[in-house]
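Colleague: Chain by chain, the residues run as shown.
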Amino acid sequence: MSTLTALARALAAERGAAQRCCAVRHVHVSERPLVFIPLALAGEAGAPLAAMIGDRPQDARLLTVPEPRDRDQRFAFAAEFADIVLEHIGRYLTREETVNAREPRVRFADAPQLLLPNPAGVTFTRLLGRSTRFRRIEGPYAVPENVPLLGRWLTFFAERAEVPPSSLTLPMTQALAMHWATGQSALEDLNLGALLGWIDPPPGLTGAQAAARAEDPVRCPPAGPATDPTFDNEVLEPRLLAVRTARATGGGRAGQRAKDALADALASQLAPIWTLMWRAVELLRALPPGAHVSSRWHADKDAFTWHAGQIRDGGPPQPRRDSAVSAARRLAGLEKTQAEYAAQRAFDDPLVMAEYRMTGEAFAGTVTAAEPDRVDVTGRRKVLRPRVTVETGDAVLAAPGVVLTSPTRPSQQARVVSVAPAGDRTAVLLELRGGMGRALTPEPGSVPEPGEAVCYATFGNGFQRLPDFPAPEDTPWTHGGPPQPYVPSDDDARETWS
Amino acid sequence: MVMTSAAELAAGATEEILDGLATAERGVVVDSPPGAGKSTLVVAAASRLAGAGEPVMVIAQTNEQVDDLSSRLAADCPELRIGRLSASDYVPSPRIARHPNVTVTTSAADLAGCPVVTGTAHKWALVREASWPWAIVDEAYQMRSDLLLRVAGRFGRALFVGDPGQLDPFSVVQTDRWTGLTWDPMQSAVAVLLRHNPDVAVRRLPVSWRLPEPAAELVSEAFYPFTGFRSGSRAEQRRMTFTAASFGQNACDLSLETAARTGWALHELPARHTVRTDEGAVAACAALTARLLQRGPVIYSERAEAGAPVTADRIAVGTAHRDQAQAIRARLRAGGLAGVTVDTANSLQGREFDVVIVLHPLSGRRDATAFHLEAGRLCVLTSRHRHACIVVARAGIPELLDAHPSAEPVHLNVPVKFPDGWEANQSVMARLQPWKVRAP
Amino acid sequence: MSESAEILEQRIGRLRAAVRQAVLAADKDRASALRRELKQAEQAWEDALAQAETTLPAGLPDSPGTAPSQGPPDGPRTAPASLLPLREQIYQALSLLTVPAAPKLLATVHEAFFASTFPTAKVTSLKRDEERSFRTAPFARPYYVCAALTADLLAPARGLLAVSTWPMERRVIGPLSPRVDFLSAAIQVAAAVERLPSPVPAASRLLWRFAASIPGAAQDAARMDPRQIAQAAEAELQVHQSADSETRRAAAMRARAQLDDAEQLFGTRLGAAAQRVGHMAGRGGQGRGE
Amino acid sequence: MTGTEAWLARLRGRALPVRHNARTIAALAGNPGCARRAVLDAAGADKHRLAAYTGFPAPFGLSRFAITRGNAFEAQVKASGAAELLRILREHLSLPIPEASYDDLSEVGGNASPELRHARTRGLLARAVTHPAEAGTMFDHPLLTLRVGGRAAYLEPDLIAFQLGGQFRVIEVKSFPVVDGRADGDKVAAAAIQSAVYVLALRDALAEQGIPPEAVSHETILICPENFSNRPVAASLDVRKQLTVLRRQLSRLARIEDLLAQLPPGLTFDLDPDDAGVPRRRPAELAEALRQVEARYAPECLNTCEMCLFCRDEARGGTAALGREVRDDLGGVEHVATALRLARGTSVPERGSELAEAADLLRTAARLRADALGEAV
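Protein chains in written order, with my numbering: chain A, 1 to 498; chain B, 499 to 938; chain C, 939 to 1228; chain D, 1229 to 1605.
Check before you lean on any hint, since a few could be wrong.
Stated by the list, open to error - Simulated pairs of lysine-lysine, DSSO-like, Cα-Cα distance not exceeding 30 angstroms:
| # | chain 1 | residue 1 | chain 2 | residue 2 |
| --- | --- | --- | --- | --- |
| 1 | C | Lys1042 | C | Lys1065 |
| 2 | D | Lys1415 | B | Lys915 |
| 3 | A | Lys336 | B | Lys934 |
| 4 | C | Lys1060 | C | Lys966 |
| 5 | C | Lys1042 | C | Lys1060 |
| 6 | A | Lys259 | C | Lys1060 |
| 7 | C | Lys966 | D | Lys1415 |
| 8 | A | Lys259 | A | Lys301 |
| 9 | C | Lys977 | C | Lys966 |
| 10 | C | Lys1065 | A | Lys259 |
Worth flagging that the hints you see were computed from the coordinates, not collected in a lab.
In this text the structure is predicted, and so the values were computed from the model without any measurement.
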């Protein structure tokens, strides 16, 4: 949160309509995302009750568990769900592309994208993945073949959601709240209906009114996985009971009727969210994408390719918890990508950059003087070191010696030579290095000219190396020594799911 | 009861720690309160181990700290050959360069003959293959578990030294993926070590040579409630006087005189909710600094029994946020004052001054956040001084603390951290009340 | 029929929403009034459907003459209901366990060894019936399903059933008795499992529930040896038995001396006499093994 | 009745005081700065009813499935003399085999009156400390009391007190899962503070009999289902922090007079029920009465306080309604309209006035936003 987003919230509250807090879109939106809206049975650990899933707005599939406490029915649900997910994933396992890096490699040309209503939906996905990936498909306690595979993919999706720059798994409330500020609190933004109410109210209503209406759980069901308690008590319980009674008395037509009534009730909770999800997809698509969105999606494709390879090569399912080494390695990766992501967003988006201008970590202004052909002769050999003076009305925190980067010339370093007041503005003298060609005269356009509007930030977009960690078998005594390698056991396969 | 002098107490503890090294199976952790002679212990341990023929690697967190330890070790043991591992862009500071027994190099392979090799943790993390029977890890509570993981393969046994009361290491990454794991990479090196090796002895240095008696009492009770420590000096040994008298009695003078007399002052500004860079508080910090220098303060202590002037480089202003430090610096510069250190708690860790002026992290806040409440932050700020500490704050902090909702999530299998920031803040505010000066 | 099924359906939808609104508004009276109305509408709808179906050609048989339409028990794993009267089922299960037990456990035991189970909700009324029957015509039946008594105040122990023909020592419950009875029951269940001609999953599950809480009884559910379980239970039983027996003997003596016949079977209840409290608190500790 | 008690009774009106339980007491730490909540809680007013009557019913309810699941799990853990619990205690705390006794305190001789149960609880607990060898091990449903705002409140117990070697531990059974050693941090926090309430109440009960507080451990035991099963698993919780917070909030609630003194005389939240119990007071009038006590609304209240929607409505237009952090980022300015006037420069505060610095901040933000979007704010 920053003063700028806070200001956007205040404006939204005043105008009764959400306000943009990004000028461009920072997430990738797939052409055919897989929308998954799970509902869970209250009080149980990751017990699926129903789900709506599909990769096109007109193709909603409703899955229900008529007896949520029945292990067999849960696995039947998982199997049916797996068919849909695996078919969707399979679509991306056919087309490959070659990446021309230093070491050219082949990866899948696109990756699936999973869209969930909210962070709680991601948690549910993680739990569902956890409860299915260790199952076995033969021997005692066998489950349908695709269930453990589903578990591994769900775990993969849930883990990608923890990587900030990844768009592979998006909780919709988070994706929307990143781009729009509402006139309510961040806590209230977790309600997908209310959030969308602010952003895109139905005709005739202000955002505030639409949000207020969306808070009525009878009119607008919550976006799961938790259902509304009055729905549970007044609608769901009698219908589950009817299914059970019908089954006890032999099923037949009454049983079918009871199941249909249950499915209708669950569909009534899911269908409105389905509509909201696809409306949200449209809204996100309508935003112009930021310049780095595609390169981040490439990283998602790499991750997808790697995971598909793990499964193809018969690798083990993801462990329950990270070992010492993998935890440290993952943290290093997250820290690196998070820093890159922050810089990329600022470079892509003037409104995000404005937040750094606010704190003095960046400034924008106009070039008032330039020495494009300046050559430094003090060293062993002559080097091109042009200097430019930038005048800005922003606060400048950078002290002489600090190296700055400009979004428009990211490969060029600008070292602060001096900072001096210039009237009520500040004049910053910068010395440039790199990104100007190899000659002693800069390539045209590589040095900003007087009159040009420029922006400089104290952070760059440079590549950071990941640190090395010991191999897991070399885990030192300070961290518990080498971990026991994972051996699948009967216990994993048998673990009750009740 | 026999009264033990502080010096005997400290010497006894140090001796016990050093003797214990020989028998330690895996290592020893030494908790050191502020100014308790941590570096002295590190130097003594390194020379003792090296003397016994056991090569030692010394791991510190910053180049500054490595240079500090290396030069002290070089001076104390002129016979000892010391290797200083460094990155390629490191330029030896004068205090390293003047010791002939220190070899500076980028490669551990060049230091085969050195019984003691020093370097930053990040540099050590790049060393492959070679290993040492002993390591000394300095500022171990500020080192993150994942960094220890990268260097721990290099040593067999280790002495971990650090101050548990200071700021914890942190990460910009917010995730609870590893909570409850004994090897959670975001915890401190000491935490991970102790959770896997509960038998490792935790010893402590019992005497702070830096903090004067009143400071030792307050800091010990608020931030080290279970272990505690005492001051190495008696109240009458530490005095501060002013060569220039005050004209009339403005609040700044009152605060300065209170601090000179008692070691503490709470310079309280009228209650007001402010922006972070509260101009009033910034101005008060600058005014107190300026007035302090104008009054020509002289300090008397065990080190300077005849008195020594307090110069600008012996004064610090500490803040919670960088922009606050920036604003105070600008204000001092505008007033023509140079040489005073103005920095955040994070940057002041491990440093020592004669007089410290603290802009209280909660001053002017309407709500407290976990950042503002962190015990380590206030502990760092209130434990840098040898003579006096003046806390600048808007009125209303106790009320703010009382109204603070306690809604932090609790995680299973995560040891509870003490002291709790909320409680430590309450305790500090309660103890500062007698030394309150109301400023307009 | 005055309303068509479709109109009824709409009405049901509206009413259901109204009930939820009333619940949300913390308006209990309105909620229950609406619930009544809803129930009527639903019944009318069911009737309308049933009527419609009778006029349709028969598709799937609705109820192919299976078990009586008794409400199902607590789980999806439903065993068929028994044709025996409830009190006899309970008697069977209690006789197998030989110690006072809670209805839920008795239902599970019956399912495991007698292949049928019963709804635990009906046990309360059974207990009342037994007491009424005894008071009307004492000892008219060969046995009564009765209460276990608390050792301290000889009041009915909450949620425990016993058999009237058992000795009083077995029917009083001191602080260690729940554990002792658990172990005794484990021994009986292990023996019963051993007697089974072929493995019964429900019986194995029940035995595992005992074994899991007895030290040294079994490693996991897949590898259980009933004899080892019985031995482990016996071993722990040795630890508690003498202290427990002492408490029970003393309490049983008091019961026989102080209570009339009906009270001996169904316990005595304490009025809210505050002056007896101090006395009681002391007595609570008295019965423990010394 | 003291003046304060009479005052609180008048505020509550004819309604019966709401029963406290560990959950409601734990909630006192949720927003201790709120005078409205403090006064309503001290008076034992039914916040749920009051809020609903003014047209702002609380947005939370409990699903029957969750309740059933919770009850079933607890019953399972406590079945057969708490056999499963005993297993866990033996594994987790190396409880010696002979320590297996179980006392159910939910009734005394078939009588469930709170006075009787409380007296018996106290008797047994004290005996357990003074004669640990012959006293019980597990005490189910002990009925404890705690002083809340000057009144002793019975705590509806859903715990087991566990005694070993003369020291008690509080055991709390919850039905949220622990998956691979991890549980929902908010749920654990709620359990921890509720356990702390019991620790405090147990200590109070023992203190009356001269037994020091160390007789009740600050380490409590949380029992939850493991992973996706019904198998119970134990975790230790160190509740020292929660104890400090609770003690402080309870002592502040005991000084409720200061808050009451600021209220207009004659203030009451009575609903003026007729003989059939139907309220006659106009909702608007009740709302007016509630507004006499100052609230400290923050969005977090939406998860914890029955009055939240009433207060949120009242807070509309204030920056606090957008979140504590947002208000802070807006320079602490209280109203959205003020903040925007300052941002647009349509209101320029005097130099040195309270709002001057906030105005600088907001004007900069407005300028940067306009700059980036190419449109005026």
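Colleague: Determine for every hint whether it applies to the structure shown.
Modeller: Structure-based check of each hint:
Between lysine 1042 of chain C and lysine 1065 of chain C the CA atoms are separated by roughly 15 angstroms; this keeps the pair inside 30 angstroms, and the hint holds. The suggested pairing of lysine 1415 of chain D with lysine 915 of chain B holds, with an alpha-carbon distance near 19 angstroms, which does not exceed 30 angstroms. At roughly 46 angstroms between alpha-carbon atoms, lysine 336 of chain A and lysine 934 of chain B are farther apart than 30 angstroms, so this suggested pair is violated. With a C-alpha separation of about 28 angstroms, the suggested pair lysine 1060 of chain C and lysine 966 of chain C falls inside the 30 angstroms cut-off, and the hint holds.
Taking the CA atoms of lysine 1042 of chain C and lysine 1060 of chain C, the gap is near 11 angstroms; set against the 30 angstroms cutoff, the hint holds. Annotation: proposed proximity of lysine 259 of chain A to lysine 1060 of chain C holds, straight-line Cα distance about 28 angstroms (limit 30 angstroms). In summary, the hint linking lysine 966 of chain C to lysine 1415 of chain D is supported, as the alpha carbons are separated by about 29 angstroms, within the 30 angstroms threshold. A C-alpha spacing of about 40 angstroms is found between lysine 259 of chain A and lysine 301 of chain A, which places the hinted pair above 30 angstroms, so the restraint is violated.
For the hint pairing lysine 977 of chain C with lysine 966 of chain C, the CA-to-CA distance comes to about 16 angstroms; that is within 30 angstroms, so the pair holds. Taking the CA atoms of lysine 1065 of chain C and lysine 259 of chain A, the gap is near 37 angstroms; set against the 30 angstroms cutoff, the hint is violated.
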